Amino acid sequence: MSPAESAHFPRWHFFNQTTGVMSWLTTLDHKRIALMYFGAVVSALILGGLLALGIRLELFNPEPSLVDAQTYNRLFTLHGMVMVFLFMVPAIPAVFGNFFLPMMLGAKDVAFPRLNLASFYIYVTGALFTLWAIVHGGVDTGWTFYVPYSTTSVVAVAPVMLGIFIVGLSSILTGLNFIVTTHTLRAPGLNWGRLPLFVWNLYGTSIISVLATPVIGIVALLVAAEIIFGFGLFDPARGGDPVLFQHLFWFYSHPVVYVMVLPAMGVVSEVFATFCRRQIFGYKMLAVATLGIALVGFFVWGHHLFVAGQSTFDAGIFGVLSMLVGVFTAIKVFNWVMTLYKGAVDFTVPFALACFFLYFLIFGGMTGIALAVISLDVHWHDTYYVVAHFHFVMVGSVMMAFLAAVHYWFPKMFGRMYSERVALSAVAFIFIGFNLTFVPQFLLGNMGMPRRYHQYLPMFQSLNVASTMGAFILGLGMFLSLFALLWALKWGAVAGDNPFHSRGYEWNTASPPVQHNFHTPQVIVDGPHNYEGPPAAQPTAKVAHGVE
Amino acid sequence: MTQWLRELLFLPERASTFADRVDALHYQVFLTTMGVWAVITLVMGYFFVRFRRKRVEQSTEPFHPPLSMEVFFVAVPLVVFLGWFTIGFRDFTWYRNPPPDAIDVYATGKKWMWKFTYPEGPNAIDTLHVPVGRPVRVLITSRDVIHSFFVPAFRVKQDAIPGRYTETWFIATRTGVFDVFCAEYCGLSHSRMLGKVVVMPVEEFEDWRAAEREQSFAARLDADPTRDEARATLVTQGERLALEKGCGRCHTVDGTPHLGPTWRGLYRSMQTLTTGENVVADEAYLTRSMMNPGAQKVAGYFTDMPSYFGLLTNAEAAALVEYIKSLKGEEPAPGAMR
Ligand SMILES: [Cu+2]
Ligand SMILES: [Cu+2]
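Protein chains in written order, with our numbering: chain X, 1 to 548; chain L, 1001 to 1338.
Derived from the structure by calculation, the hints contain no laboratory data.
The structure presented is a predicted model; accordingly, all values stated were derived computationally and were not measured.
In this text, a Cβ means the ideal position worked out from N, Cα and C, and glycines have one as well.
Mixed in with the good hints there might be a few duds.
[To be verified] Here are some, though not all, of the chain L residues that point toward chain X, as calculated from beta-carbon distances under 7 Å:
(1) Leu1009
(2) Phe1010
(3) Leu1011
(4) Val1029
(5) Gln1058
(6) Phe1081
(7) Gly1088
(8) Phe1089
(9) Asp1159
(10) Ser1191
[Stated by the list, open to error] Selected chain X positions facing chain L (in silico; Cβ < 10 Å):
(11) Gly319
(12) Val320
(13) Val373
(14) Pro440
(15) Leu463
(16) Tyr531
Chain X on its own, in the form it takes in the complex:
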């Protein structure tokens, strides 16, 4: 949908109501905090992406070529940590959650704006500390830190875990803030049955962050206690149990997968609703499935331990529960597809991205189910199949949703429109590059190539070459996309308040919004995305608001 030529750019908005570097660094405005997060996570994404390209270049040849084994091991450790903890976990909640949660609730800000700013600084501190600890300590354990490798080799793992806990603390605080905001700051008339699905997903995510993150903090403390005081907790040489570590680690790290995926699902629900002009088909089912994933996701961690010597019975329990998560996800997929039915579908960049999200979720999800089928996992565990599976889920679907969020809310946040054509071609590159990178990795996993391999047998080469080429196409697409957006920031056409004619609550105000989001107090009379009949009078005041 091209923006109307006559669209006007509001005179006053949250960018120019106060100015100066300090007005940003000390801001309590959730939108500005969101944008600062945006800058931080995109930096992390670029760093993690460049590391990935380095890894792929090394794997072009079966023999060591660019870097030695030690450097390679550090590269993939750094890549995993940066992508998981510094990009994926905060990406959607901290950026788009922060920006849109209050707006979707018809509120002026989150419940605790100061805490919100503190979360940001804690995140930055934790991120820098973690990076320093990994580089300085030469950590080469992979992002999973399995003991006894991580505690017996001479590397400084405890500070890294501390760093991760600091980053985690920031998501605990953000999570608490979101939960309280959702409970207390809903506009009059906005009951739970009318919450936008994005809010439901943020709510589920927040619960997981608050409950699961402390566990990684405890693990960090235990590892530190073992290293410093010599307690035999995990190291078998001191009477400890290395598998206990794996249980604790995955008790945190499996739910974290849903911290990444749930917000992505929320974004896609908003995008499908807007571009199909329908509230998501089966709204209630979707909300229930979201909470179902958040809950059951806590009890499936053992599917990472099928070949670690866990009892057959335990494996069975974890296997069945993993299937349930799959069922909840499948319900969501069906509902998104059915949203097109009797809708009014508009093909736009965010819509295309949401469809790609579905594509990656179907394959990422089904291969996840396949991995949870215990007998199959015996072959695939710790091979490239697993690598391909979680990249399909996390880089594939979560990244598509992140990009969908960027393209869907770009005009809302900045009041300008990117070039659809450039954006679409960037997205096409990303989609093709992504498939070319990771489909060969599934096949490598089938062949039996283990993960975290610095060099490999010649029989694995052709697929690795394909994967490396794909990674560069993917990288090209990402940079193209970045430049298209940066260009639009300055020279994009003025978008107008609601270029997509969305009836999500966050569009009930000017784009970009004013400091306190709305010109008039919001009263909600209807569920979100109700496209029956003509648009309700939108309370967008044309009168500029002064600085408050």
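Since chain X is already given, all that's left is putting chain L with the ligands on it; use the hints.
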């Protein structure tokens, strides 16, 4: 069809009975996935064309799904996924229960190699010889960090964990040489921790093993002709160790209980623990009894079994386990050898 699918999916050739089970289910899952994707794509494509937006502010009617549809959406994935789970769990249970007549081999992972030991010799580094068509059980442990014993052609994998024994087993269905990888990241040369499984016809395997044993006896006798126990197999080593470490103060080998339970007929027997639980005395259990006796205590004994953790090496523990295993039946041992 299956041959074609195997090539399409780049799966290695199938060389064990478990591989046949795994691949059969894999194909089913793969075909279903592709089918699901195709149907969803077609349906979405149809909706996309059929329900394209006509006016900018086009209004749509809400559509409330009937209950039957919701039930359908839940039931279909539930039934399919639970079906796969059931088959997978059945196969996994089968895989976790090696037949009692399996040939035992010990595999010890160590940065960055595999050591394979037959209870009565020989030893080998990185190459595992096994007979075709016979169940072979691999008892796995590690001397340093966690490794994982992985044979893609057999579709089996099992982590090697320091301080305990885990097991995997297979029946090789064809002769040949197959790759062994370490699947768990273990540091610098993780990707060079490569091994081979050589599957041989049964007679050839027996000949090979006999020849190897002779050779290693000869080699060891050459090295030190005075050492009598150069001939030692794991069992006799275990017998000697039991003497040296004073296990006999509390354990007997003639079937009568002493301060501790007797070792005769202990292996694979059912033991009742102080918790009331019943467990089978397999290798993992026997090893635990020495390394961490507090974890599972046999009911009915007043003395505590002392922990030998740190006092016995992995190899010594394995030798003791082999010795205990050799003490079968009720009657006194005619000789320790199997
Ligand atoms: Cu998991
Ligand atoms: Cu390894």
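Verification of the hints:
1. Annotation: L/Leu1009 was flagged as interfacial toward chain X, and the flag holds, the nearest CB pair being 5 Å apart, inside 7 Å.
2. The interface hint given for L/Phe1010 holds, since its Cβ lies 4 Å from the closest Cβ of chain X, which is under the 7 Å cut-off.
3. Here the hint on L/Leu1011 is kept, as its CB sits about 5 Å from the closest CB of chain X, short of 7 Å.
4. A hinted interface residue such as L/Val1029 counts as satisfied when its beta carbon comes closer than 7 Å to some beta carbon of chain X; here the least separation is about 5 Å, so the hint holds.
5. Nearest Cβ of chain X to the Cβ of L/Gln1058: about 4 Å, under the 7 Å cut. The hint holds.
6. With a cut of 7 Å, the hint placing L/Phe1081 at the interface with chain X holds, because the nearest CB-to-CB distance is about 4 Å.
7. A hinted interface residue such as L/Gly1088 counts as satisfied when its beta carbon comes closer than 7 Å to some beta carbon of chain X; here the least separation is about 4 Å, so the hint holds.
8. About 5 Å separates the beta-carbon of L/Phe1089 from the nearest beta-carbon of chain X, less than 7 Å, and the hint is met.
9. A cut of 7 Å between beta carbons decides the hint on L/Asp1159: the least distance to chain X is about 5 Å, and the hint holds.
10. With a cut of 7 Å, the hint placing L/Ser1191 at the interface with chain X holds, because the nearest CB-to-CB distance is about 4 Å.
11. Evaluation of the X/Gly319 hint against chain L yields a held restraint, the C-beta minimum of about 5 Å falling below 10 Å.
12. Interface restraint check: X/Val320 against chain L, minimum CB-CB distance 6 Å, threshold 10 Å, status holds.
13. Hint on X/Val373 holds. Least Cβ distance to chain L is approximately 4 Å, under the 10 Å limit.
14. Contact between X/Pro440 and chain L, as hinted, is supported at the beta carbon level, the nearest pair being about 9 Å apart and thus within 10 Å.
15. Taking 10 Å as the C-beta cut-off, the interface hint given for X/Leu463 holds, the closest approach to chain L being about 7 Å.
16. Below 10 Å, beta-carbon pairs count as interface contacts, and X/Tyr531 has one with chain L at about 5 Å; its hint therefore holds.
The structure meets every hint from the earlier list without exception.
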